[in-house]
Amino acid sequence: MLEAIAAAGWAAPTPIQAGAIGPILEGRDLIGCAQTGTGKTGAFAIPAIERLAGPGSQPGAAGPRPSGGPRVLVLAPTRELALQIAETFDLLGRARSIATAVLIGGEAMGPQLAALARRPDVIVATPGRLFDHLERGTASLRAVRIVVLDEADRMLDMG
Numbered sequence: 001m002l003e004a005i006a007a008a009g010w011a012a013p014t015p016i017q018a019g020a021i022g023p024i025l026e027g028r029d030l031i032g033c034a035q036t037g038t039g040k041t042g043a044f045a046i047p048a049i050e051r052l053a054g055p056g057s058q059p060g061a062a063g064p065r066p067s068g069g070p071r072v073l074v075l076a077p078t079r080e081l082a083l084q085i086a087e088t089f090d091l092l093g094r095a096r097s098i099a100t101a102v103l104i105g106g107e108a109m110g111p112q113l114a115a116l117a118r119r120p121d122v123i124v125a126t127p128g129r130l131f132d133h134l135e136r137g138t139a140s141l142r143a144v145r146i147v148v149l150d151e152a153d154r155m156l157d158m159g
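For the sequence shown, our numbering begins at 1 and goes up steadily by one.
Bear in mind the hints are in silico, worked out from the structure with no lab data behind them.
Quick caveat: nothing in here was measured; it's all calculated off a predicted structure.
Heads up, the beta-carbon is just placed ideally off N, CA and C, and yes, glycines get one too.
Take these hints with a grain of salt, some might be off.
Quick list of the computed label-pair ranges, beta carbon to beta carbon [to be verified]:
{"id": "1", "residue 1": "7", "residue 2": "131", "range": "29 to 37 Å"}
{"id": "2", "residue 1": "141", "residue 2": "31", "range": "18 to 26 Å"}
{"id": "3", "residue 1": "118", "residue 2": "11", "range": "29 to 37 Å"}
{"id": "4", "residue 1": "53", "residue 2": "135", "range": "30 to 38 Å"}
{"id": "5", "residue 1": "111", "residue 2": "131", "range": "14 to 22 Å"}
{"id": "6", "residue 1": "8", "residue 2": "110", "range": "29 to 37 Å"}
{"id": "7", "residue 1": "68", "residue 2": "37", "range": "34 to 42 Å"}
Using the sequences and the hints, build the whole thing.
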């Protein structure tokens, strides 16, 4: 993980990262608020990836996929933010072979179905497209152990 963090160009944890990573690694619930550009995505992506590494690697590890489905779900209000979050998970999780699927509106379903068929560890989605997949039966959240609501206030404002 340290090599991936260095590759991302992060030299030291930001205040939100310093305050969030420990509690998330312990499996505790957390509400975090910080300005744009302060490292919020890293604050949840780093410990989520560490927990995906398996039992024994960290307290509260998400462990192996019990039903072969994703173990982390990140909801974001916009497609642009979802793509940015997925990029961070891809960068930080590459060395651990963490697979990410992005489910967003305005994109063809075919590539999303293919990404889901590869049994990703992480789903990053906008609420509407996630509901589409759940209603169609093309996505399952049974194995999810970590849920992140990024910019939850914006999602509530959007309805």
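task = Go ahead and decide if the range 29 to 37 Å is satisfied by the Cβ distance of residue 7 to residue 131.
result = holds (35 Å)
request  = Determine whether the Cβ-Cβ distance between residue 8 and residue 110 falls within the hinted range of 29 to 37 Å.
outcome  = Between residue 8 and residue 110, where Cβ atoms are some 30 Å apart, the hint holds.
message = Against the range 18 to 26 Å, how does the distance between the Cβ atoms of residue 141 and residue 31 compare: consistent or not?
response = holds (21 Å)
ask   = Is 14 to 22 Å a correct range for the gap between the Cβ atoms of residue 111 and residue 131?
value = Since the Cβ atoms of residue 111 and residue 131 sit about 18 Å apart, the hinted range of 14 to 22 Å holds.
message = For the hint 29 to 37 Å, verify it against the beta carbon of residue 118 and that of residue 11.
response = holds (33 Å)
request  = Could you say whether the range 30 to 38 Å given as a hint is met by the Cβ separation of residue 53 and residue 135?
outcome  = Holds, since residue 53 and residue 135 (Cβ atoms, about 32 Å apart) stay within the stated range.
request  = Check the following: the C-beta atoms of residue 68 and residue 37 are separated by a distance inside 34 to 42 Å.
outcome  = Given about 36 Å between the Cβ atoms, the range holds.
In the structure shown, no violation is registered for any of the earlier numbered hints.
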